[in-house]
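Based on the sequences and whatever the hints tell you, model everything.
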Amino acid sequence: MARTEILNERKEAERILAGGDAGARASDALPLLARYFRQALGLTPRETEGRLGEFMAARCPGYSPVRYGGMIESLARKGAARPLRELDGIGVTAGEMASISSLPGESHRRLLFTMLCHAKLYDALSEKNGGWVNVPARDLFREARVPVRRREERYLYLNDLGAASLISFAKRVDNLNVRVTFAERGGTPAVWVGDFRELGYEYMAATGDRGIARCARCGRPFRKSGNRSKYCAECRAAARRDLERARKAASRKDVRK
Amino acid sequence: MVGGFASRRYVYKLRASRIRRAGWEVSLSPSEARGNGELIALSESQLMRLIDGLNGVRADPARVAAVRGRIRELRLLEDEAYAAPGLAALYSEMDGMLFRGDYVCVVADSVRDYRRLAARGFRLNGREYGRLLGTPSGVKRGTVVFASAALLPELRRLLDNGRDLSKRLVPAKLEAYYALACSASVPVSMPRGVAVVRDCVTRFRADEIVLDDTGGGQPRMRLERGREVELDDSDGYGMAMPSLMERWGREIGAGYLLPGCVIRNSFCKGAVFPVDFREFAAEHGVSEFKDVWGDTRRVEDTELVLTESMLKLWDSYPSMEAYLSCCERNGYSFAITKASPETLEDVREMNYQFLQSYDFTDAQIGGLVAPTVSWIRGVLSGDWRMAVLFARGTRMGERGAFLDGSFSSAVMAEPRMMGDPFVRGQIGAMLRKRIDAAKTGVLDVPGNYSLVSGDPYSLCQSMFGLEVTGLLGPGQVYSRYWADRGVARIASYRAPMTCHNNIRVLEVASGGELDRFYRYMTTPTVFNSWDTCADAMNGFDKDGDCVINTPLPLLVGSTAPLPAIVCVQRKAPMRIPTERDLAESNVMSFGNAVGKVTNRITSMYEVRARFPEGSRERRVLDYRIMCGQLYQQNEIDKTKGIEARDMPASWHSRAAAMAGRPRDRALDLRILVDRKPYFMQYVYPSERAKWREYVDNGRAKCLMQFRRPLRDLLAAKGRTPEEESFADRFLAGLPLGVAPCTVNRICWEVERELDGEELAPAGAFDHSLMASGAGYTPDQLEAVAAAYADYRLEHDSYAQRAREENADEWERRAHAYMTREAFRRRCEAACPDGDALCDAILDLCYARGHASKQFAWDMCGETFVRNLLRRNGGRIRYPVRDDGGDIEFRGMRFSVAEGVVDPEAFCGWPGGIGDGEEGWGDPFGENGDLE
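Sequences listed follow chains B and X, in order. Count along the first sequence from 1, add 26, and you get the number used in the working numbering. Count along the second sequence from 1, add 3, and you get the number used in the working numbering.
No wet-lab data here; the hints were simulated from the structure. This list has only true hints and no planted wrong ones.
Distance windows between CB atoms, simulated:
(1) B:R164 <-> X:A789: 29 to 37 Å
(2) B:A83 <-> X:A789: 18 to 26 Å
(3) B:T233 <-> X:E812: 51 to 59 Å
Restricting the straight-line Cα-Cα distance to at most 16 Å, the calculated cross-link-like pairs of lysine to aspartate or glutamate (EDC-like) are:
(4) B:K197 <-> X:E727
(5) B:K197 <-> X:E725
(6) X:K176 <-> X:E638
C-beta atoms are modelled at their ideal positions from N, C-alpha and C, and glycine is treated no differently.
Okay, structure coming up:
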């Protein structure tokens, strides 16, 4: 899971340590685990190093303590610096939803909703944030499920949102961060977003789009391909594997009888 | 330079932090170290020989070659059951012969850890190790040599070589003198008579610019006309009888009378040139001379004359005999680190330091760039002959074609290999690198690189007590190469250089007595004893320094005669150095900042180009550029423990300039050098990444804010105030300077000519050309595929590590070499029959199409070449220099020669077609050692 998608880092660390998927490379999880060991478990840097080494030895085939030693040491030292993020979700108010609905295009609305969620997430983590979104445009568009043919199209979308005064831009000419101008502090949530993996679909679900369902396995929203769709793409494959395993186990059992 | 003839040893290279993490006690086998990237290859040196001597072992190149030969034979066997254990045993034997466990390089990635290691040592495989020494170039990269504690006292005694230990010295200098024993060198026979004489010092008057920062504030610069100058004309060089140079030439395998060479011995470093000083003495009626100790020596009994500047601690010995007897007792011998070539090259490359101080017109830049662009276009055309010349160099055919497991050998055996995607990829990558280099001013000019000598005629006069006149007058040099070509004037450059005052235009003198006296010095450049060349060219000495000489009229005609710059130097504190002083001197040299100062000066040229001729800004920048030489010297001085000043921060830091005196602030900010010039993106990949990110983000931001492309916005007239502000801020914030300085303009010209050019397309390629036709088992393929998976993992992880650690070219090549070795062994263990391995790897990497072809060539390159040779009856074709030839490349003409070799005798290892171990994929080049 990308860092921007994790709302509760403590839970995520515990999930990984319990044997959950750590991403493409086990070493990608090390920064999070180092912070978890230092902050949640109160371990010393030396103890954290040991735990990170054990994790790598268990989860990374061909792990070499010599190669990763410097990295692990540095992560263990810095692990106390940034507090663990522990949020259950963010609430979007009716006023914010109304601002988003004012946009004419569905893609624009999904994108703006995604940006609003990130802005509110950062606002929840830092009082000084003031609606700024520090997520690369590529990730925003992916999470919003807004496909573009060319890279430039992304910036034209953002220009549209700027023209509608719903976002503003950073002053520096090479800074691509944007600020959501209509984010409200406080207020009663009309929509609760507890999962940042598919913010575009979250918006569609929140606006009553019947083509969106929640995965029966992981809770992630997904676009239904038929009325019987139960799982998101990842879980569908996993569920199929589980079924296959069960079927083979049953047939082995039959043979043994 | 001819070099790299020393053989290799494997040693451990460990990081200080890694030793700390292991609790100062490491357990590591050579094979584990190889897998961890903690084993490196070093050239043989005096220190290695001393360690071998203490251990009672003797390096035996013949035995190493024999083992390699047996490995080659086994790999040709088809009986794998017999070959596999044999190969393992032979590799183990080779490790035993080449691995030196008593010598460990430690990378001081943390000063704290290094201090702990230097003070208390560490344990490796149960043995104690302690700090031995740091070489100047090694310490700059943070690497210090440790040795087994069991040998340490004896090694230190040997390194001291019986010197007078009560002499007060500069610790950093003593450390550098010890480090002379680490230079890659080949021992040579003892001369028949050695003498050390006083340096030849001349005095004359000349105009010089004196820079002095010993007072407060910014450096004082004054032009002193007719200043009394004292020149040590023999600084770092000596003379050898031609008979000795001929003998040494034979002994190092060069096979010619060496026109010059660089030697080492205990505390001895410098160049030696062949001069018949006995003939000189006879002509002047001299038969004896006084050595530096005042002892009388007979000319007839002397074959090698060293100068006091060569024998660094001569005054720590009572006499020559005492020194030589210490050397003999302690196992030292004279050794050669590099030798001047028999003939010089005709074309040489400039670099940005040499070109940046010129003001060229656009037409002149076009003319300067044209020859380089022309031959690069030739290689881009896909002509295999050009590709071979490009890959192998223009002198490749001089001693016949050297074949190894490289793609260029494959092309020589079969030109259709030009269609191989790997070959095309390699040539493409090399071309991209070369084109990028051309953008930084690496441009071909007629010229050559030659060893510097003082005037040995002056040295002869000085040593024999005659009046010193020399044979050359002020402004003259002797260079046989240029004299033979009738060149009257050359421009001479020496790196590092910073300003135009460092370039010298010299008159080439020849004829009569000059040709006779210097007749054996066919390739060095002999400088006169009567001008300020040495000061001007950033203070060169003659202990192996080289210059680049070119007669190119554009450069000769554009070089202004300017006075030399001399910097008032501070004296380094002297003491009787303790081990702690020496270890601390290493710390002072870690990460030396000379390069940073040099880069700031280069940036000043870019800033200078923003202002008109004669402006105040230009004048101040000219002054600062000249001061650059002083600050370079200061950085070097700091490593010797001298308290020297840094370049003023207000010259390069915006914050410091803002905080400066109000009356200076505006000017300081206008001429601030806080970014590198545009062309530097081709030197520093990080700068290129920064540039691209800034421009990409600027484009994106322009679309976001104004819904129009940046290019249109910048070119548009009648912009809105917001657009105007955006354009101004975008240009002001560019991470690289884009003012039209000379090298930026060269860069843009090369970009205009070559950007977007690709290697010409080739037809379909059939990889079965390289196949052996032998079978392999599925198990073997699986094992090779597993090795390949690990190889990829290793490459990927190293690529990331190298980026993070900013590994230099040497380290990357060394790592590639060691990885290749390790995986070759693994593949050979899985599939001992070389032909079967070749076919398995071909199927894995070519037929399936996804696996890396680099892996295939790393593992089986020589088998591919052998198979190509088998198919065409051993026939190879290669370009050789031929003035009537039809191939024009880098201003020279070539034709294609043919030869026939025995494919079965070829394996890339010594004993094949090549001439020794250096040829086979050796990544270390001529500077493979730490020194």
